[in-house]
Structure formats: C-alpha cells, structure tokens
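Participant: Below, each chain spelled out in residue letters.
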Amino acid sequence: MNKTVLAAGLAVCVPLVAVLVVNLDRDTRSVTSPLLGQPAPPFSLVPAGGGEAVSLASLRGQPVVLNFWATWCVPCYEEHGVLTDAARRGGVARFLGVVYEDEEPRVMEFLKKEGAGYPSLLDPGGRTAIAYGVYGVPETFFVDAAGVVRDKHTGPLTAEALADRLARLRQ
Amino acid sequence: MKRLLALLCLLAAPAAASTDDARRVIGEPRGPALTGAALNAETERVASLLRCPVCQGLSVADSPTALARDMKTQTGALLAAGYTGEQVLAYFEASYGEFVRLEPPRRGVNWLVWTAPLGGLILGAFVVMRALGRLRQPQPPAAGTAGPASAEEAELEPYLRRVRELAYGRREP
Numbered sequence: 000m001n002k003t004v005l006a007a008g009l010a011v012c013v014p015l016v017a018v019l020v021v022n023l024d025r026d027t028r029s030v031t032s033p034l035l036g037q038p039a040p041p042f043s044l045v046p047a048g049g050g051e052a053v054s055l056a057s058l059r060g061q062p063v064v065l066n067f068w069a070t071w072c073v074p075c076y077e078e079h080g081v082l083t084d085a086a087r088r089g090g091v092a093r094f095l096g097v098v099y100e101d102e103e104p105r106v107m108e109f110l111k112k113e114g115a116g117y118p119s120l121l122d123p124g125g126r127t128a129i130a131y132g133v134y135g136v137p138e139t140f141f142v143d144a145a146g147v148v149r150d151k152h153t154g155p156l157t158a159e160a161l162a163d164r165l166a167r168l169r170q
Numbered sequence: 000m001k002r003l004l005a006l007l008c009l010l011a012a013p014a015a016a017s018t019d020d021a022r023r024v025i026g027e028p029r030g031p032a033l034t035g036a037a038l039n040a041e042t043e044r045v046a047s048l049l050r051c052p053v054c055q056g057l058s059v060a061d062s063p064t065a066l067a068r069d070m071k072t073q074t075g076a077l078l079a080a081g082y083t084g085e086q087v088l089a090y091f092e093a094s095y096g097e098f099v100r101l102e103p104p105r106r107g108v109n110w111l112v113w114t115a116p117l118g119g120l121i122l123g124a125f126v127v128m129r130a131l132g133r134l135r136q137p138q139p140p141a142a143g144t145a146g147p148a149s150a151e152e153a154e155l156e157p158y159l160r161r162v163r164e165l166a167y168g169r170r171e172p
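Going down the list, the sequences are from chains A and B. With numbering that gives the first Met the number 0 applied, the first sequence covers 0 to 170. With numbering that gives the first Met the number 0 applied, the second sequence covers 0 to 172.
Okay, chain B solo, but in the shape it has when bound:
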C-alpha cells in the first residue's frame, strides 16, 4: 500500500509541477476538472488549435514530434487540473507568442482576418449583381451602329464600300 502511494505521488508530481508554472502565467483554473472521455476529446480539440512549433503548418494534435507530444501531454494535464481550453492556449501563447495559435484570436487587427473574406464576398456579389443588372437592361439604340458616327467616317464611307466590294464581291443592299 505504501509503495502504491509512493508510486501515485511520483506520478502526480510531474502533473503538479506542470500546473505550477501555469498558475504563475494564467492564474487559477476557471473550468471544471475534466476526466475520461471528455478530457481526451477536449485535449484533442485544444491540441488541434495549437501550432507545432517545430513543424511546417502542422497542429500539435497532428504532429509526431517529441515537442508536440510533450505539449499535448501538458495540455491534458492542464485540462485535467481544471483549466479551460482558452486558458491552455493563453499559457502556450505566453511562451511562444500568438504564432502558436493556429486560429488567430478574435481581437484587435486580427478581426480583419475573420471579416475581410466575408466583406470581399459581399463586395463581389454587389459588383456581379450590378454587372448583371446592366446586361439585362434593354440596350438603347446606339447612334454609332446605325450610320457613320463622325464626319471623318462619313468621308471614308464610299472608299470603305469600294474596298468591301473588291474584297467580297458586290452585294445587293
């Protein structure tokens, strides 16, 4: 029994150590302490929002590297201690910077990243609608198509007709 207790203490020690530093950085846990399947699911979700620092565009959940594995372990320990997903992300952000978040947090200038695509879509739809509207309007009979538009063209018209006759043969009007 004593041995079992000692073993449990040994197992618990690293977890306590890993949350000590978190307490210094992000304060007290603000969520329920997770266990079992809920803990696993939340660990997976939070890890998928963390960028693996040593990979190219991979999340901590997807990366097989030792650092990503350690980060995932720590994510699980923090969630088990009652820290919320957002707190866990903030903890890693304190040491790695905003770069560690795969999704830019919705604040400040980052809002542009979230709203600009939607804005672009709306603007594009507006431009397309206007263009379509213009196409649908009945075209007013343009002056230029009926007869010679300018004096210069009127002057050239007989010559043009002659060239066409030579090229394509005489046509009945």
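Chain A extracted, bound-state conformation:
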C-alpha cells in the first residue's frame, strides 16, 4: 500500500514540479504573439495633426517598424528618441507610430517637444491595437517587405535592440 501511495504521489508531484522548473525563468510579460509569421493586420489611419491616411498596404515592398506608444507612457519618451534617430538616419525600413489610448492634442504637444521623425497615426477605438494584440505600450512590431509580421518587441527599444531587430528583418 505504501508503495502505491508513493507512486501516486510522485505521479502527481513530479509533473507539477517539472512544469514549475521549466517555466521558472520565463518572463511572464513576454507573451509570444500569435501574429508572428502571419500577415500583418491591415490598417488605414490618419496621422496626428491631420493629412492623408496611411495604410500598411501602401508600404508593401519595404519593411515597416510599427511602434505602439502613448504620451502617458514614461518608457516611450526614451524610446521615441531611439526610433526618431533611426528613422532620420534612413535605411531600408519605414517607421510608423500608432497612438494607443491617447488624445490628439497631447500627442501633438509631445511631438512638438520631442521631435517627429515619422508619422504617428491615430487609432480611434483602439481597433488597430486590438488587431495587433497589443497588451501595453510600448510594443513594436517588425513587418517585412511582404507584409508578414516577423518580430515583436515588448517594452522600450534601445538603439542596440533596434539595430539587432532591423538586421534580422533584412535577412
């Protein structure tokens, strides 16, 4: 009987402990996106400050860096400089910002103060953010020239991380 109890106990505990150990060093915030390897959800959004709507389809043929951000997001300030620098330097990728749960006047004020190197699109109702499965800001999606989501970065991008991701996008 004791052996049976031991075997039953082990049968329950060993898999549980194994699951815990395997997931111990997993970052709970980094939920992998089901969009990786899938066609990027299309959108056509008007930039903050007005102007022609920008659609993802119109950028087909070149890689796109799609950054979801907001003025109330503190890490976005630092990241904004990194992205603006990269966009101004030019290169293969086009940069687009999508404003997440924010208001246009605040966005315009932010861009006036921090500089704008690429269009920041307004996303009424958060539909584009939802289509991309955005959890929080900042989140950045890397879409290749064929319009397929290749990579996703959660949290603020450093210059190194951005360069690394862009290099991978070109491959």
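Possibly wrong hints are sitting among the right ones.
Quick list of simulated restraints, FRET-style, between CB atoms [to be verified]: (1) A/A7 / B/L159: 37 to 43 angstroms; (2) A/P14 / B/A166: 50 to 56 angstroms; (3) A/R59 / B/W113: 39 to 45 angstroms; (4) B/R22 / A/G89: 35 to 41 angstroms; (5) B/R22 / A/A166: 34 to 40 angstroms; (6) A/L5 / B/A153: 33 to 39 angstroms; (7) A/V18 / B/Y167: 55 to 61 angstroms; (8) B/F98 / A/G50: 33 to 39 angstroms; (9) A/D163 / B/A32: 44 to 50 angstroms.
Here are the simulated lysine to any residue pairs, SDA-like style, with alpha carbons at most 20 angstroms apart [what the hints assert, rightly or not]: (10) A/K2 / B/R129; (11) A/K2 / B/A130; (12) A/K2 / B/G56.
Worth flagging that the hints you see were computed from the coordinates, not collected in a lab. The beta-carbon is built from N, C-alpha and C at its ideal position, and this holds for glycine as well.
Dock chain B against chain A, hints included.
Facilitator: Then chain B, alone, in the frame of chain A:
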C-alpha cells in the same frame, strides 16, 4: 435630412471598419445580427469570457480600462454584425492568443483542465470508500494483542511486568 444621413454614415463607418478586419480573420458572420436587449446581454456574456489583457485576472466585462472598453465596444459591433460569440472569441484569440480566453477552450490538451478535477473527485471517492469499507469489516483477532508476539518479547515479559509493578503498584490479574 442630408446632414442626418451624413451623420449616420459617420457613425456606421467605424463599425464597418471594425468588422472588415474580422472578416479577414474569422470569415463571414454565422449567426443572427443581434439588436437591443439581446445584443446587450450577449455582449456582456462574451465580454465576461474575455480576459482584459492589461489587468490581473479581470474580464473585459469587469475592467474599467480603456483597452477593455474598446474590446467590449468591438465585441458589441461584431455581435451586431451577426458574428457568433464563439467567432468573436476566435477573433480576439487570433491577435492575443489563447491567453485572452478566460475559459480554456475545450480542445486538445485543454480537456485535461476540464476533466482532471472530476477524475480526481471520482478517484478520491473511491479511496475513501475503500478505507471506510476496511474500517467496517470486523477486525480478526490479531495474534499480537493476546500474548507476546515474539520470542524476544516473551523473554522480556517478566522484566516488563516487574517494571510496571514498581511504577504503578501491584495489580491483581
């Protein structure tokens, strides 16, 4: 009248846009287009099955955050366009992953989540019944309780008796 039409078009435009992307992801609507109280009730039900991505264990129906509000609005728009509750859940799952469902869908390895508790209950009941059955059985007179069990104990018995006598006083047998 023209103004009213323009206003209606403006109001309808976002709804159409929100279902455009849904059509790409989950295809054509497979249910009746809901309106009024039925729409509200179904929106509430589906929203309560969706996890608010930015909260800790809250459903979209229970969360006051802007994202949850937007997700609920979109849920309503999709249900009004004739998508079924399951289709709406599948739409959000396509962008957020299975994590967005508060109830694990009944498929594949997820069946374990649904059946394991019941299995555990049945197994537990079985173990308890067996234990109870054993208790109820009349105990056979055990050999050990009547007299000394082994030669060693038999050898020690006189000494034990002597110790007991010293400790507790002499007792009549």
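Participant: Tell me, in ascending order, the numbers of any earlier hints that this structure violates.
Facilitator: 12
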